[in-house]
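Protein chains: 2
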Amino acid sequence: MAISMYQASVPVFVRMLSNLIAILEKAAAHAEAKKIEPAVLINSRLYPDMFPLSRQVQIASDTAKGGAARLAGMEPPKYEDTETTFPELIARIRKTIAYLDTFKPGQIDGSENRAVTLKVRDDTLTLDGLTFLLNRALPNLYFHVTTAYDILRHNGVEVGKKDYLGKF
Amino acid sequence: MAISMYQASVPVFVRMLSNLIAILEKAAAHAEAKKIEPAVLINSRLYPDMFPLSRQVQIASDTAKGGAARLAGMEPPKYEDTETTFPELIARIRKTIAYLDTFKPGQIDGSENRAVTLKVRDDTLTLDGLTFLLNRALPNLYFHVTTAYDILRHNGVEVGKKDYLGKF
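These protein sequence lines are chains A and B, in that order. Taking this note's numbering, the leading residue of the first sequence gets 2, the next gets one more, and so forth. Taking this note's numbering, the leading residue of the second sequence gets 2, the next gets one more, and so forth.
Next comes chain A alone, as it looks inside the complex:
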């Protein structure tokens, strides 16, 4: 036995997005308890030319739905990036999870060598499925979930590593 491409992608994406929901729920509760305007957290960024929390969450969603779709040889659905509140951001992630849940292992298993072509600015990049998953989709997803977490921690929201890793 080895790992299947499905095992290494969809359930991992779903787990991290579920953990992200828990983190966002804690942030929303923190804002309410401390009487902080939620938009302050949602628009917070670690540096002026970095993306704010809302965009980190949207890109985490894009990375997960794009990752699964491209491995399956499909075009990912386009979501408008209009979320400006915690309930909207959480709904975006729930919608992404619902989309991921539609994938059957057979759509993704065997995609190790499938060519995945990405638009990268004005250029395209073609990777095999294995490289795309391990070296691009997963690192990207973890980057944006971690940066969302880091933005909230930097603003004093009491989340911890357990929230990021989830339950075992």
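Calculated from the structure, these hints are not laboratory results. Mixed in with the good hints, there may be bad ones.
The list cannot tell twin chains apart, which means a pair is met if one copy fits it or any two copies do.
What the hints assert, rightly or not - With a cut-off of at most 30 Å between alpha-carbon atoms, the simulated DSBU-like pairs for lysine-lysine come out as follows:
1) 96 <-> 162
2) 120 <-> 168
3) 27 <-> 120
4) 163 <-> 35
5) 163 <-> 36
6) 162 <-> 120
7) 120 <-> 35
8) 163 <-> 120
9) 120 <-> 36
10) 96 <-> 163
11) 27 <-> 96
12) 27 <-> 162
13) 120 <-> 96
14) 105 <-> 120
15) 105 <-> 79
16) 36 <-> 79
17) 79 <-> 120
18) 36 <-> 96
None of the values given here were measured: they were computed from a predicted structure.
Please build the complex by placing chain B on the supplied structure of chain A, with the hints as guidance.
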């Protein structure tokens, strides 16, 4: 064909640690160019009770060497956490990569169902190899590399997503 446990672990760890070296090299160059005391960056943290850059790098190293060793059913080597400069942190990561390079696929392949027992504070946690790799070792590694990156970005170091993802 599917993914082997080796493919999903050691080369991925090595790639991310190599990207981390490139990020740290840019940070060291930035400090020198801007006449910033390197210790300011190395001791920087995003919140008072978060770990500083040096510890993020050390834990990234621990996660990678611990990940490979535990999948192979071995004890990871213990490194003293004494690094206080960029050259020392980079050397720590290079040493970790050299250790990872000693693993042969046969030591790790087939570890999907191998029991991995971790010390978690005062308790132990036993996971199968697949869960340990996908839901613990990899998310942890990405967390600490991303947080190191976020600390440096927050301090104005000009690193970008390309440095984090590496070359394709």
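Outcome of the hint check:
1. With identical chains, the CA atoms of residue 96 and residue 162 are at most 30 Å apart both within one copy (25 Å) and between copies (26 Å).
2. For a Cα distance limit of 30 Å, the shortest separation of residue 120 from residue 168 across copies, 15 Å, qualifies, whereas the shortest one inside one copy, 35 Å, does not.
3. Taking CA atoms no more than 30 Å apart as the test, residue 27 paired with residue 120 passes between copies only; the shortest distance there is 27 Å, against 35 Å inside one copy.
4. Taking CA atoms no more than 30 Å apart as the test, residue 163 paired with residue 35 passes inside one copy only; the shortest distance there is 22 Å, against 37 Å between copies.
5. Taking the shortest Cα distances, residue 163 and residue 36 sit within 30 Å of each other inside one copy (25 Å), while across copies they are farther apart (38 Å).
6. Taking the closest pair of Cα atoms, residue 162 and residue 120 come within 30 Å of each other only across two copies (15 Å); inside a single copy the shortest separation is 33 Å, beyond that limit.
7. In this homomeric assembly, residue 120 and residue 35 never come within 30 Å of each other (Cα to Cα): the closest approach is 42 Å inside a single copy and 35 Å across copies.
8. Taking the shortest Cα distances, residue 163 and residue 120 sit within 30 Å of each other only across copies (14 Å), while inside one copy they are farther apart (35 Å).
9. When the C-alpha separation of residue 120 and residue 36 is checked against a cutoff of 30 Å, the pair qualifies neither within a copy, at 42 Å, nor between copies, at 38 Å.
10. With identical chains, the CA atoms of residue 96 and residue 163 are at most 30 Å apart both within one copy (24 Å) and between copies (29 Å).
11. Proximity of residue 27 and residue 96 under a CA criterion of 30 Å is satisfied intra-copy only: 19 Å inside one chain copy versus 38 Å between copies.
12. In this assembly of identical chains, residue 27 and residue 162 lie within 30 Å of each other by CA distance both inside one copy and across copies; the values are 13 Å within and 27 Å between.
13. Taking the shortest Cα distances, residue 120 and residue 96 sit within 30 Å of each other inside one copy (24 Å), while across copies they are farther apart (36 Å).
14. Taking the closest pair of Cα atoms, residue 105 and residue 120 come within 30 Å of each other only inside a single copy of the chain (26 Å); across copies the shortest separation is 35 Å, beyond that limit.
15. When the C-alpha separation of residue 105 and residue 79 is checked against a cutoff of 30 Å, the pair qualifies only within one copy, where the shortest distance is 20 Å, while the shortest distance between copies is 42 Å.
16. Taking the closest pair of Cα atoms, residue 36 and residue 79 never come within 30 Å of each other, the shortest separation being 34 Å inside a single copy and 45 Å across copies.
17. For a Cα distance limit of 30 Å, the shortest separation of residue 79 from residue 120 inside one copy, 14 Å, qualifies, whereas the shortest one across copies, 43 Å, does not.
18. Taking CA atoms no more than 30 Å apart as the test, residue 36 paired with residue 96 passes inside one copy only; the shortest distance there is 28 Å, against 48 Å between copies.
Violated hints, in rising order: 7, 9 and 16; the structure is consistent with all others.
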